[in-house]
Amino acid sequence: MKPSAFEYHLAASTNEAVDLLAEHEGDAKVIAGGQSLVPLLALRLARVDHLVDVNRLNDLGEISANGRLRIGALTRHRTAERSTLVRQHSPLLADALTYIGHTAIRNRGTLGGSLAHADPAAELPATLLALDGEVEVRSARGTRTIAAGDLFTGFLSTSLEPDELLTGLSVPLWKPGAGWSVQEFARRSGDFAISGALTVLSVGADGLIDEARIALIGVAPTAVRATLAEQALVGQHPAEALWSSVSDAAVADLEPPSDLHGSSAYRKKLTSTLVRRSLAEAASRIGAAA
Amino acid sequence: MNRHPVHVKINGVDRDGYVEARKTLVDFIREDLELTGTHVGCEHGVCGACTVLVDGQAVRSCLMFAVQAEGCEIRTIEGMAGPDGELHPLQAAFRDNHSFQCGFCTPGFMMTAASLLEEGPLSEDALRHELSGNLCRCTGYQSIVAGVMDAFERVSDSTGEGGR
Amino acid sequence: MRFVGESVTRVEDRRILTGRGHYIDDVRLPGMLHAAFLRSPFAHARITRMDTTEARNLPGVVAVLTGADIEAVTVPIQVMPQFPDFNSPVYQAMATDRVRFVGDPVAIVVAQSRYVAEDALELINVEYDPMRPVVSFEDAQDPNCPRIFDDIEGNVLYRSNSTHGDVDAAFAAADTVIHETFRQSRQANVPMETRGAVADFDPGSGDLTYYAATQSPQGCRFQLATYLNHPIDRVRVLSGDVGGGFGLKGPVHREDISLAAASRIVGRPIKWIEDRNEHLQASGHARDEQIEVEAAVTSDGRLLGLKARLLIDQGAFPCLPYAAVLFPNMIRDLLPGPYRFGAMSFEGLVLATNKCWNPPYRGPWEIETWVRERLMDVIAHRLGMDPADIRRANMFDGDEEDRSITGQHLAGITSRQSLERALDLAGYSAIRAAQELARREERLLGVGFATFLEAAPGPKENRVIPEDARVRLESNGHLLVMTPQGPHGQGHETTLAQIAADAMGLPLDHVRVVHGDTRQTPMNLIGTGGSRASTWASGSVMVTTRKVREKALGVAAAMMEIDASDLDIVDGMVVPAGAPSKAMPLSAIAMTAYLAPETLPPGTDHHLEAQETFTGDGVGGSGWSGGTHLCVVEIDRETGRVEIVRYVVVEDCGQIINPAIVEGQIRGGVAQGIAGVLYEKAAYDAEGQFLAGTFMDYLLPTATEIPSIEIDHLESVPVEGLDIRGVGEGGALVAPAALTNAIEDALVPLGVTINEQYLPPSRIMELTRMVPA
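Chains as they are written, first to last, in the working numbering: chain A, 1 to 290; chain B, 1001 to 1164; chain C, 2001 to 2773.
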């Protein structure tokens, strides 16, 4: 399990990184934390001719909260998980980060890397969807933003062009009083979840649900939003019975994959349970401080 | 072949190497620096046997390329005991609690635990969670958990040597 | 005795804790090359063409050897052809014309580095003509399926049939016959250190030095000499620290023979360190077995008789030298366990399939415990009895005349005591009360327990394979103890030193245990395995040390002019009875024996060295290790997750050398048993493709999955002499039974019978009919 040979380029600046990507377009891959990429290289399930290392681009490691919570792509999971800005402005993200692998993985893994890798079983793609976030990408041609809903195009694939570098993500600042929940089920702690549900829930002055966002992990080629369930929640009184009915609706149209860890039918049932539990937990946190 | 110079400070000693870009950090440490205390268990980032401290943080050295460690400070199991051979409290606690059998996973557990010691005591549940990134096939973990809990106590009891 | 019975810290620990262990991948020789194996991607196929040109031309590649190249310089393998009724196929160290499982080695690349060797693997061009794979029990028994070995008719390699007692009468007298088929899944040993070796053939001397990660250095040497047709005096095996084995590293693997042959061809040292993907796919799998059982029982819960039919899927090749045919008769003999019933019929089949081979895995006969203890619970549930009562009704007391239907002499067993003690310690009635409450809240709480016997060493009449030790008193008065054992985590350097220090009368640090060098250690093909070390290695060290002590006292007697019977050795001093002031250090005795033997009276035996054989004489006690494990679980009915709330062990392994080491063995075994139920499966698909090639697929439990395990020792008092019994396998033997019994107990309200061992959350949900199967 040794990677095949490649040319290594240590980018000294973001400009240099995107120039390298442009120069070797299609033959180059970005390495940040490497926690997903290196195993694929070691197993020779992936191979690259050119590896562009962005680990020294310190300007991609900043966290700010001016109007939106913005996190540089090179921010390590562990840094973001312990950031008071992240906890304050996006408790869902702060919680979701703790589910990623183990501490040694999070010490090295980056937020940008997890999003660009686009694993449907991973936490961050679903989190970005649940938060209606967006990513910033840059190439020698310029910069653009991609909304979460447009980012994940398939299993381990995104709408980033081969010459584009994901430079950061941003999410709206937390709506005061909104409740949240991360519910995952994995066979061992630290594993990719068999499935999971991430929920944001808020109620208006009338006591009715005015906003509901549910993103699901591990049930489709990409992380997905449970839009029908979200619609069914809005305008309703928060109640146990509602969570049950909505959780069944949330999975009705899903055809999750089967693998060694569980059949499609199992994933579907499990996801329904997790949606229900996440709704109940999110509702219990409505009005609580993040 | 495309090779790169690498300079690291490992266990306080400056060392240089000249490596192929694809060489993993753990292979560099074991083969080029001849520090074989760090072990290779899975090469895909699951078992934790290769855990070392890079700039003070526990990382999987099978998931880093050696070239990426340029300029970094690395600590491995060989750097745990004092220069006089005196065991680190963690090593002594592992010995006294029979925290291993075959010993192959031990360096990884030690380095993970060393990073935890820096941050202070944990409950047993929290500790088990932190240790769940390292696999042991021999012990059933109970003696490892006991060893690290014991080390927490030893470090807090002896402020003099705990911070090492 | 000063050291036996104490949890002394381990001699091994300092080097391991400081990163100075010597594992196989730490071996580095001048001029050493690195090997990688090309492995079959097909379960069953003919090799129609192989082209290695491009690989050989890659810079850094020294040699690319095919199966044919290795075949030309090795002896074909045939394991235990003399075993009665075993159709033992002849096979090669590497595939030649045909591949027989996914992972079957077809070529070996020797290169400057493992990186380059793996590059070269991708340049070898092999064309395969796929054949129908033999994957399931049904396939293997189907005469229309292709033969895996042309020289063997069909794929049933072995069949054993026997009848004990009057089976027809037992079933005629039954009130109820319970019929179940209990199925296990493939699991694997998976030590944290994979397989590996460095083969160093020296063309100048003709010596082959083989650095091995082995449980049996002498066994490794013997097999290498045999299959390389190399004079055994020119084969030396060296083994340092071994990073776990659990049975896997007892066998000699086809890769070992191929690697040694490659070194002999190339004339240079070659290292092979298996990667984890190869390891999971091709090193070995076990437990792919089932027993179909019929039990004749009375309405009051007495077991009258059993009919059992065992199937073992051994994979493609019989494991060298421990073919799976060794196990059916062991399973048969142990199946009745500690229970009294009068009749049993048994059929055991060993089947060849297109899967990885089947080396021993910690308690290779484990299915006897699982099926028997599962069956006891099934009977209890069918009859509406408490599982404790059904055991009480059928269990032997360990009386002198107690003998199971398969002839096992059970005098002295403590099964009943262990059962009662476990129930007591756990607070069984309180657990049942808690279960009642839980059931009212629709929570699934269950308790299960199981009792096992481990023949380590077994009753006197069954003890067959002796073991030697060699012991030398050095000139400084320290003792060298040389053992053929191949420890891989059990701490032999400590426990055998405890034995020797007490037997000689030395401080612990005056004893050094030497293993892993076949030029120093006595011959013994088994090495470490079968929980033999506690009894056999300890016994051999004890009798041999006593011999050396006798010799040393003979020299001392001559020097001190005091009769040897009036001398004792205490803490390294030779002390005359009643005259402690006249004591002499043992070192002075030894120094004289080595450097000035001419000063001793003629006829004094001054050779302070001995090799003695331990035959089991002087072993007291029942010879049976055993105990009862009890487990409490709670199952989440919505996700299928099984949480182990409590795990209690009551164990009797006789006299304990080192309690901390014994408890480590128990906990480690329990963890592996739990893993086989909840986490681990070496899965294949219907085409024989292997599905669990990474640690993301083959799930070893972590610190969050294995609970704290409470241990109580019965430590039955030795009646006479040495009574140290093996403890390596018990945990793995009985944990699956205790856990699956607890799971079924939790699911009783849902009417679920557990007849399969592997129960991941998804399967629990299928069994409870929460999701369709």
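Treat the hints loosely; a few may be bogus.
Here are the computed distance ranges between Cβ atoms for each label pair [to be verified]:
#1 C:Asp2636 with A:Glu23: 47 to 55 Å
#2 A:Pro162 with C:Arg2049: 32 to 40 Å
#3 C:Gly2267 with A:Ala220: 30 to 38 Å
#4 C:Phe2083 with B:Glu1153: 24 to 32 Å
#5 B:Glu1153 with C:Leu2437: 33 to 41 Å
#6 C:Arg2132 with A:Pro162: 51 to 59 Å
#7 C:Pro2041 with A:Leu85: 48 to 56 Å
#8 C:Arg2147 with A:Ser258: 49 to 57 Å
Some residues of chain A that are not near chain C, with every Cβ distance over 12 Å (derived) [claimed, not checked]:
#9 Ser4
#10 Asp19
#11 Ser64
#12 Thr84
#13 Ser189
#14 Asp191
#15 Ile194
#16 Ala205
#17 Glu211
#18 Pro221
#19 Arg276
Derived from the structure by calculation, the hints contain no laboratory data. Built from N, CA and C at the ideal position, the CB exists for glycine as well.
Do the hints match the structure? See the list:
{"no.": "1", "hint": "C:Asp2636 with A:Glu23: 47 to 55 Å", "verdict": "holds (53 Å)"}
{"no.": "2", "hint": "A:Pro162 with C:Arg2049: 32 to 40 Å", "verdict": "holds (37 Å)"}
{"no.": "3", "hint": "C:Gly2267 with A:Ala220: 30 to 38 Å", "verdict": "violated (57 Å)"}
{"no.": "4", "hint": "C:Phe2083 with B:Glu1153: 24 to 32 Å", "verdict": "violated (56 Å)"}
{"no.": "5", "hint": "B:Glu1153 with C:Leu2437: 33 to 41 Å", "verdict": "holds (37 Å)"}
{"no.": "6", "hint": "C:Arg2132 with A:Pro162: 51 to 59 Å", "verdict": "violated (43 Å)"}
{"no.": "7", "hint": "C:Pro2041 with A:Leu85: 48 to 56 Å", "verdict": "holds (50 Å)"}
{"no.": "8", "hint": "C:Arg2147 with A:Ser258: 49 to 57 Å", "verdict": "violated (33 Å)"}
{"no.": "9", "hint": "Ser4", "verdict": "violated (6 Å)"}
{"no.": "10", "hint": "Asp19", "verdict": "holds (29 Å)"}
{"no.": "11", "hint": "Ser64", "verdict": "holds (35 Å)"}
{"no.": "12", "hint": "Thr84", "verdict": "holds (27 Å)"}
{"no.": "13", "hint": "Ser189", "verdict": "violated (4 Å)"}
{"no.": "14", "hint": "Asp191", "verdict": "violated (7 Å)"}
{"no.": "15", "hint": "Ile194", "verdict": "violated (8 Å)"}
{"no.": "16", "hint": "Ala205", "verdict": "holds (34 Å)"}
{"no.": "17", "hint": "Glu211", "verdict": "holds (27 Å)"}
{"no.": "18", "hint": "Pro221", "verdict": "holds (18 Å)"}
{"no.": "19", "hint": "Arg276", "verdict": "violated (9 Å)"}
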